[in-house]
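Undergrad: For reference, the chains in residue letters:
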Amino acid sequence: MKRAGIPTEEFIYSGHTACPGCGAMLVARYLLKVLGKNTIMNIPACCFAAIPGTFPDTCLGIPLLYNAFETTAATASGIEAALKIKGKKEKITVVGFAGDGGTADIGIQALSGAIERGHEIMYVCYDNEAYMNTGMQTSSLTPMGATTTTNPVGKHGGWKTRKKKNMMEIVAAHNIPYAATVNPSYPMDFIKKIEKAKSIKGPSYIHAYSVCPTGWRYQPEIGLEIGRLATETGIFPLYEFENDTYTINYKKKTKQVIEYYKLQGRFRHLPEDFVKEVQRVIDKEWQRLQDKEECSHR
Amino acid sequence: MVKKIMTGDIAAAWGARLSKAEVIAAYPITPQTIIVEKIAQFISDGELKAEYLHMESEHSAMAACIAASHTGARTFTATSSQGLVLMHELLHWASGARIPVVMANVNRALAPPWNVWVEHTDMMSQRDTGWVQFYAESNQEVLDTIIMSYKLCEDKEIQLPVMVGLDAFYLSHTSEIVDIPDQDSVDKFLPQYTPMYPLDIEDPLSIGSLSMPHQWYSEFRYKIQEAMDRVIPKLNQIEEDFYNEFGRRYTGPLELYNTDGAEVVLIVSGAAAGTIKETVDIFRKKGIKVGLIRLRMFRPFPSEELNKALSKASFVGVIDRSFSFGHEGAIFSELKASLYGAKHSPLIKNFILGIGGRDITIDTISRVYDNCFNCLKNNKIDNPVEWVDIKV
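Line by line, the protein sequences give chains A and B.
Position one of the first sequence corresponds to residue 1 (the working numbering), numbered consecutively onward.
Position one of the second sequence corresponds to residue 1 (the working numbering), numbered consecutively onward.
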């Protein structure tokens, strides 16, 4: 029996080494279910580089190329160009799959170049909001208020006080044909967007919310609940950028930031005032996103 | 075969064109630009069927070449100096991945201070990256070496990347007559590239995954060296095939010029060999027994061939157009190590010359030979590592 809308075929088999409750694993599973067999994937140094297995084992049912940390988008570009010259591009999806550090920090130059060149590649950033594979160091996508091993909390504060980079805005500024945020807590929305990205003639960017029980410090079984809260609070809004227009896919911002923050050890040190400041920033960002949606549809 | 007057950069572009490179990913840098401009023109004119990727850095250019090669395309790139050293991480990656990328590198000095003229430090400092390294003397050699490099690096027993060095301006921007081989003959000489382990949706491999200390990492590294050991014999065979097809003979990792009966032999790499050959002729006319060994290949280092070629020389002057700070010239170090324990061990001195593009003239070389003879006469090296004509 086929579950409505979710392909039953698996391309990630058992035996992988992801932590229990790993969000990246769920992101990759849904992603590959939609992309299917005719997919070539490349990944940099990141959690997922350690997950499929050591040479010569693999738990993936598609060809996978490991690449240097900052080269995910350049590597996907090279694969795409070779497929094109060999006349094989039509039937194959090329997907670069990188973490937040590999995307927003060290890999951002290559990503910018690849989008500008217009390669027919899909770039998926699974955002677990820190360098989790190396033990939770701060990245430019670590959220306001989080503590990490390089933002340790001490007598004088120490948690990250800056906002995270807005990767969706950065790729939108490249006039990318399609970009979307996805969250595995909303699988049908997730699948619909990957299907759309797959059909795009040109580059597409997917920013995937990716929970990390190990680094965020919560019990693995509440991962999907945390994911839903991320969207319900407006911290991780679900939206698309397509043909220069923004579309918000989930508009019910019904929860407060504190409800999301209080479940995770990485925010536990925060004074009430700081959480209020985060709430103010999130409210403003949400308003801006609604304004952008309204303006772009005008 | 057509003869044309062309610069070294144009010759490199012709090498890529005749080899039918399918993916060219590159980033511009003086004095390499003409190579990539010419390739782009070939593609625009429909003379080369290839994908040209306007990369945003040399680092990404090499990453794209590696990926394209894994996917089954023949790849080419070109760079110089800062661009080459920016690629450093990916140079290790290419050899680790056993990827047959061919790259032209216009040998240029490194900043600061800014300097766009010839020096070999850019390539010498990539010596441990697992790339085969050639240094050309002429534009013809640039073109021919690129074609031969594909045959070498795509060989199932080699599977290693190759860089072909050409001296900034002396070759890159200087015009010479170059024979352009027929495309049909090149096609016959160089069959299509078929990777051993491509990214293939019908046979999904994970390529480049983790290998722990007790697993296979050491063995992967060991096999790179095994392949390096096969390079020189394979090159000799390829050059023989090349001679049979195109009528031009190359002589393996070394070119010997008047070394028979030579008391003093200089060793050099790159285009300065032309000037030294002139000087050798002048000295020989006077009955002075001098010779030259041109080092065409620095990696793998041709120790055996050098030992053999130097078996009768009394004095060896090693010219390095690069420097390893804290020590000495790179060729000098390697040669001394090669001669350790040899039956015949000549006196040996290092001359640091032509740094940052400073001209190497017949006068310079004459003084170098004179200095060698003086040392030989006194049976004493005055200064083991001499920076020639340094003003401070």
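Be aware that a few hints might be false.
[What the hints assert, rightly or not] Partner residues are not named here, just some residues of chain A that face chain B (Cβ under 7 Å, in silico):
no., residue
1, F55
2, L64
3, T75
4, A82
5, K86
6, G87
7, G113
8, S199
9, I200
10, G202
[What the hints assert, rightly or not] Derived coverage of chain A by chain B (criterion: at least 3 residues anywhere in the stretch with Cβ under 8 Å from a Cβ of chain B; other residues may be distant):
no., segment
11, 28-42
12, 45-52
13, 66-72
14, 264-275
Hints were generated in silico from the structure; no laboratory data involved.
Model, not experiment: these values are computed from the prediction.
Cβ coordinates follow ideal geometry from the N, Cα and C atoms, glycine included.
Undergrad: Taking 7 Å as the limit, does the beta-carbon of I200(A) come near enough to a beta-carbon in chain B?
TA: I200(A) check fails; min Cβ-Cβ to chain B is 19 Å, beyond 7 Å.
Undergrad: Double-check G202(A) for me: the hint is only fine if its C-beta lies closer than 7 Å to a C-beta in chain B.
TA: violated, 15 Å
Undergrad: Let me know if the C-beta of G87(A) comes in closer than 7 Å to any C-beta of chain B, holds or violated.
TA: violated, 11 Å
Undergrad: Tell me if chain B covers the segment 28-42 of chain A under the three-residue, 8 Å CB rule, please?
TA: holds (count 5)
Undergrad: Examine the segment 45-52 of chain A for residues whose CB is less than 8 Å from any CB of chain B, and state whether their number is three or more.
TA: Coverage by chain B holds for the segment 45-52 of chain A (3 residues, Cβ < 8 Å).
Undergrad: Minimum Cβ distance from A82(A) to chain B below 7 Å?
TA: The hint holds - A82(A) has a Cβ within 7 Å of chain B, the shortest such distance being about 3 Å.
Undergrad: Counting residues of the segment 264-275 of chain A that have a beta-carbon nearer than 8 Å to any beta-carbon of chain B, does the count reach 3?
TA: Per the Cβ count (0), the hint is violated.
Undergrad: Please check whether T75(A) passes as an interface residue: C-beta within 7 Å of a C-beta belonging to chain B.
TA: holds, 4 Å
Undergrad: Would the hint on L64(A) be counted as holding, given a Cβ-Cβ threshold of 7 Å to chain B?
TA: holds, 4 Å
Undergrad: Does G113(A) meet its interface restraint, that is, does its C-beta lie within less than 7 Å of any C-beta in chain B?
TA: holds, 3 Å
Undergrad: Hold the hint about K86(A) up to the distance rule: shortest CB distance to chain B must be less than 7 Å.
TA: Hint on K86(A): holds, closest Cβ of chain B at ~6 Å, below 7 Å.
Undergrad: Regarding the hint that S199(A) lies at the interface with chain B, is the smallest CB-CB distance below 7 Å?
TA: At 18 Å from the nearest chain B Cβ, S199(A) fails the 7 Å test, so the hint is violated.
Comparing the model with each earlier hint shows violations of hints 6, 8, 9, 10 and 14; every other hint is respected.
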